[in-house]
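Engineer: Each residue of the sequence shown is one higher than the one before, starting from 1 at the first, in UniProt numbering.
I should point out that these hints are in silico values taken from the structure, not numbers from a laboratory.
Among the hints, erroneous ones may be present.
Beta-carbon label-pair distances, calculated as ranges [as the list claims (entries may be wrong)]:
1. E58 to K89: 40 to 46 Å
2. R101 to K59: 33 to 39 Å
3. S95 to S74: 23 to 29 Å
4. K89 to E63: 32 to 38 Å
5. F64 to S105: 26 to 32 Å
6. S20 to I108: 30 to 36 Å
7. S20 to H99: 27 to 33 Å
8. K2 to S55: 33 to 39 Å
9. A56 to W23: 15 to 21 Å
10. P107 to F65: 23 to 29 Å
11. Y4 to K90: 33 to 39 Å
Even glycine gets a Cβ: it sits at the ideal position worked out from N, Cα and C.
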Amino acid sequence: LKGYLNLSPEVEEGICQVLSYMWLEAEVMPGFVNKPSTSTASSSSSSSSKKGRTSAVEKKLGEFFLHQIAYDASPAYGGGFRAANAAVKKYGLASTLHHIRLTGSFPI
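All chains should be built: construct the whole structure from the sequences, respecting the hints.
Structural biologist: Have a look at this one:
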């Protein structure tokens, strides 16, 4: 992350995974209900840059990627995602990113 210095793998990969999850929810899977959902992604589906409908294959692939992100067992990617997602749900994306920039960690 440009401008974010000395982040642990959990923080860096975790917030990147949250952004990936949000993009998948908004662009590939609008309206898809899967826990853990991010707080802002579902509402952004109306601003989708994708033209047309999502194919059945794209939908299945989207479901697979959402599941992989949410349930990854690795400390950096899975644990980082769950910690970052909890922070984004509680404080919002902008506040979470600001806190990470200032402290290098997720807000509690």
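Engineer: Any hints from earlier that this structure breaks? Give me their numbers in increasing order, please.
Structural biologist: 1, 4, 6, 7, 11
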